[in-house]
Each structure stands twice: as C-alpha cells, then as structure tokens.
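My request is simple: use the sequences and hints to build the entire structure.
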Amino acid sequence: MAYKSIDKEDVLFFKSIVGEKCTIEKSNIEVDFSHDELQTISGYPDIHLYVNDKLQIQNIMKYANQHNIAVTVRGSGTGLVGACVPVNGGVLLDTSQMHKILELDKDNMTLRVEPGVLLMDIANYVEKVDLFYAPDPGEKSATIGGNISTNAGGMRAIKYGVTRDWVRGLEVVLANGELVSFGGKVVKNSSGYSLKDLMIGSEGTLGIIVEATLKLIPLPKETVSLLIPFENRTNAIDAVPKIINGHTLPTAIEFLEKSSLKFSEEYLGKKLPNDDYEAYLLISYDGSTKDSVDYDVEVVSDLCVNQLGAIDVYLVDTEERKKSVWSARGAFLEAIKASTSLIDECDVVIPRTNITEYLDFTHQLSEELEIRIPYFGHAGDGNLHIYFCKDNLSDDDWLNKTNIGFKKMYDKAFEFGGKVSGEHGIGYAKRAYLKDQVGDIQVELMKGIKKTFDPNNILNPNKVI
Amino acid sequence: MKIVTCIKQVPASSNVEVDPVTGVLIRDSNNAKLNPYDLYALEASFSIKEKNPNATITAITMGPPNAKSVLKEALYMGTDEAVLVTDRRFAGADVLATSYTLSQLIKLIGEVDIIICGKQTTDGDTAQVGPEIAEFLGVPHIPYVIEILEILDDKIVVKSTYDTHDEINEIKLPCLLTIEKSNLTPRLPSYKRKIKMKNYQIDTVTLDQLNDKNPKHYGLNGSPTQVEEIFPPSNEMKSKFIEGNKETLAHELYKILDENKFL
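Protein chains in written order, with the working numbering: chain A, 1 to 465; chain B, 466 to 728.
Honestly, I wouldn't trust all of these hints.
To be verified - FRET-style restraints, in silico, Cβ to Cβ:
hint, chain 1, residue 1, chain 2, residue 2, range
1, B, 545, A, 165, 44 to 52 Å
2, B, 707, A, 25, 23 to 31 Å
3, B, 632, A, 242, 50 to 58 Å
4, B, 634, A, 165, 53 to 61 Å
5, A, 104, B, 664, 47 to 55 Å
Think of the hints as simulated: they come from the structure by calculation, not from any bench.
All C-beta atoms in this analysis are idealised placements derived from N, C-alpha and C, irrespective of residue type, glycine included.
Shown next as structure tokens:
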C-alpha cells in the first residue's frame, strides 16, 4: 500500500503543531532513528516529530489519517524486533519528551504517567515513597509506552506477572485523532470487551498510548537472592518446576551457564563470585519482613541441596553481593553484542518443563549450522533469549543460516506449545513466525481488529501481522 | 601457617542514628552487615589458604554480642575459626582503643603469621586500625594490597596499589596486610558450610581474659579522640547542562571527568 510522501506543505503543518525545534526534516535525521537497539531492521522516516502533549498527537493523527501518511511511534528505541522502525517512511512520532509523572494516588495505589517516562524513573519515583511497580524488564531505559506496547515481561514475572497485569487504564489517541480512555483507576472491570488489554502488546498498530495508569503495591522491604550451582544444565533446569512447586514463591528464577557467563565476565572485567561451576540458577525472594524471606531461603536451600542435586547454595544478601551477581546477569545482552559483529535474537517462550530439551536442540542446531548461539533465560517462566552471532560469516551465509535456524527454532518451540515472543514482541522481524504459530484464522481475526481501529492502515504499517 | 582476619559489623545503610551526648553511632542489629572491604580481606585470606592448604584462618571481630552474625558469615564463607572480643567496657572505642583491643586479642591467639584487615570500614572510614594493630604488635605492615603473589616459608610477596603507582613488596612474617578492593570477586556465604558449622561455638573473649586488664586502655576511657559530630555524607546530586556542538560537548565532558579524577 502506497502512502503519501511528505511534502513542504505537510512539513509546514507539522511545524505548526509541534514547533520548529521539534520537527526534524529528513536530511537532518540521525541514523539512530532509522533502527532500534538490535539494528537488524532499518528504515528512515520522512520526518521525525518530538511531541509534547496529547493534543499535538491528536492533531498529527487527524492530519495523517486525512492525508494517508504512515505514522510510527517511538519511545527510547530499545526494542529488538524493529517495531519502532518506520519501514514505510512517513512520520516518526517520538514520545520521549512526554516524560512527566502526572499523579501518584496513594489511596488508590496508582501512578498516572505520560508514555515517555522511563522504566527506571518510575521505579525510583515510587520506591522513594515505599511503593512498588513490579515489572522488571532488563532494559531500564525503555519508556513505559514501549513497555506497554510490547507487554514487556522481565525477571519478576513468576511472582508478579508482566506489564499487562500492572496497567489499570490507558488513554489512547486513535488513528483518526480521537482521544479515548480505556480502563481507569478501578481494580475490577467486567464492562464489555477489554480494549485496554487489546492495546497492551499491540506495538503501536492500534492506537497511540498517551497516558497510562499503573497499579502499585507496597514495596517489599527485603530481597535476597541465591546463586545455586549445579553440575550441568540439565540438573539446573530440571530443578526449576520442583522449586516452584516447593511452597515458596520466588520473584525470579534465572538460568546462567558457564559458556554464556564468560561473555559477561569478559565484558565487565569482573568475575561472578564462586564461578567454578557449569550451570547455575539465580533465584530471588522478596517479602515485607526479614523473617519471612529467611524462611523461604531456608526451605529452598534445603530442597536444592538435599533433593535437587545442587552442589551448594550461595547467599546473595547485601548490596555488594547483589551487584556482583546481578551485574553479570544484567550484562548478558550487551556482552553478547560486544562479542560479535551482529546478532539476531529469538525470544521464545515455552512451558518450563521443556526447557532442557529445547536447549539441547539449540546446541545441536548450533553445531549443524556452524554458527555460535549463546543464550540465557528466565528459567522460571520458560522465556529464553537465544542469540545468533554473525562472527566471521559473510552476509549471504548469515542471512541463509539465520533464516534456516530461526525457522527450526520456532517450529521446535511450537511443538511444545511455545510462542514466538515471550516479551520482546513481533514487530517487523517476527511476523512470518507469528503466522506459523497462530495460523490463518487467528491472523484474520487480528486483521479484522486492526481494520476496525485503523481502517486506513496508517499506524505502524507492516508490523505484527 | 596461622592467619587472623579482622572483620567488622557496620551499618547496612547510611541512615544511622547518633547518640547526641557521646557522638557515638547507635548500632541497630537489623541494619547491619559485614564491612564491604572485609569481604576482600577474607577473599585474600582464602587465596593464601588455596596456595598453602595447611593454613588456618581465624576471623576476629570486636563488637557487641550480636556482631557474632558477621563471624558466622565469615565461617560460612570459609574461615576455620571465629572469635568475638566483647565487653561493655569496650563501648565507644576510637581507632586507638579498637586497634589496641584487637592487638591484645591477636596476642592471646598467639603465633599468628599473617594478620589481614580490610583497607577501612564504611562507618569509621579511617583506614588506620590495620596499621595501628601492626604498630601495637611490632610487626611490619603493607597497606592497599590487591594481590598475594607468592607465599614463602618466612615471607610473602604482595602487590599494592596507590594513586600514582603499584608496588610489589616482599615482607617478612609475621606481618599485617590491609586489603584494597580489587578485581577479585569475594565469594558468597555457603549453605553447605552453614550446615557443617551448625554446632560450631564461636569463642567469646572478654577484657578479663586479655593480657592487659587495665580498663583505662579500652573503650571510651582509652580513646583520646573527641567526636564532635557524626552525620551521614550528603548524597545531593548536582546537575549541569552543557550545550554546544559535538566537539564542545566532548571537550567539556572530558574536562569534567578529568577535574573529578574519573580519568
């Protein structure tokens, strides 16, 4: 579908809405705004607009809808599937300057924010008043708008769920410029279809999130992690369901393996404490009192050492210790990126009981295709982050091997009832695999929804479906 | 070879209360942890033991009875023994009285080859206790050690770091080392060691068991330092906006980093 190219008249209009300073014309657009964090998908917009309020967004959308101009929303650009890349040109609508925290309602325990507020700023803001926004995706410089648009997950998903579970209400500008409000401060809502939930994870294809009301809870005062070494990968991963069944509820269960850990250690120039083992689980507990957390730690330590074959259980209790362990875990993506010229990723989620078999398959595939495939994962929720590394491959070989490799990886995940994306979304890069996963009937349903929200298909075209 | 490692329980956060009369920290066992520098001191002790398996490590601390928790932590990390020196008459000790008390305990333990301290604590921050213990014991000491290079029968070779240079020194035993944070990552307390040490009784030593029993040499009485005020350091954040083209920004940033000694 052809979209209108932006001409001088359009530029004048956009300048009249957002101002001269917030209008970046094509020749001045920085390369950073033609791709996302992963850089595998690229495309320049015709114009880059920094918006400051919802009225500006309404006016832009009304105009774009009337003139058939494609609009792609962008927050911090930390996505990994090309969702914020304007593959059809048009307007890049940048919400990063809409970063005000609008209202902290302590009685209803909600926080109302603009879409460009960074995840780290939300955490800092609410924790100062002993409140807690639990979703914890690794990328803390992502915007909340981006988090909602991908239904970002993060490490605390086993106990606290994902972004969706923490969004009470959304204000959205539709494709035609109308402003609508879905949900609100209410805790329950059985009033018709949940359009709020349809917006969450829609990756900028159904509307533009201009305000969000987030749920908060009291801040857990105590957090402790445990670093648990095992003889091998299989022993570590097979312990996970039993730990979750063990009547303690961890906030996170991460899986670390020596072969991937070494990238982090080299990247940070620091070693993980007690790093002589093949595989580890890194488990966290939180709670309102030290006694309750200590109890969980005692129960799970006993279980791991006496029943699940753990070599030992190491206590990660102070700030220094947490930093020494979690910085190694947190640096994985950056470390893997730094180890090669280009990476592409697979963010599958599978039932946690199939992780061992799936990782065995990944190792076989790595040997078969002669391509390096490091990985790490949220063992507690079955969401794995698997990276193909280009290393010294030619461009043709890289394309060929990733096409074959990803297809096999996803097909294997589907065998187990897995899904294409646990938390990064579909964007541009994973569309074909989504179709393989859900089939024609569901794709048609999704297309119908898209058409209802955006009949002219101007919002983030060629994404998701 | 006998190693003694001095450790201390410190407040876990900088939000601490101070006694308005004595100017002494009011210690709260719920807000306490092992001094972060001592993690490196312990790790250095373990690295000596790894090179010299016959070595034994004894962690010692001076403090109230609940300071046993940091000794337990040291045992779970890997020390063989742990001793607490505690007495109400030790309360309010400054650097001098603390060093003296610890040196008395080390004399009581006897035949120690290497005494290891963290560079400093995060509450007192003086970095003087280690060297003063060495003076009281009449043994040589080397501060800011980042690596144990070699252990021989009657001496060890260590690498220290200073602002301007690194130094490699050979030092005769017995000696005292203070350990600076380094690239070594301190090991974590082990659950299996906790189970193993379940019935271990931490030795408790009081003033009456020390060689010098004169109470005037200990605690507030033995402390010439007068503390006028204690307050947590300001954590105020200052922001500065720099405008200009890329070259100016890079230049200004470099200048700021350089001025603040980050380069």
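Comparing the hints with the structure gives:
Our hint of 44 to 52 Å for residue 545 of chain B and residue 165 of chain A holds, since their Cβ atoms are close to 49 Å apart. Between residue 707 of chain B and residue 25 of chain A the CB atoms are about 26 Å apart, so this pair conforms to the stated range of 23 to 31 Å. For residue 632 of chain B and residue 242 of chain A, the Cβ-Cβ distance of about 52 Å falls inside the hinted range of 50 to 58 Å, so the restraint holds. Our hint of 53 to 61 Å for residue 634 of chain B and residue 165 of chain A holds, since their Cβ atoms are close to 58 Å apart.
Judged by the Cβ atoms, the range 47 to 55 Å given for residue 104 of chain A and residue 664 of chain B holds: they are separated by roughly 51 Å.
Going through the hint list in order, the structure satisfies each hint without exception.
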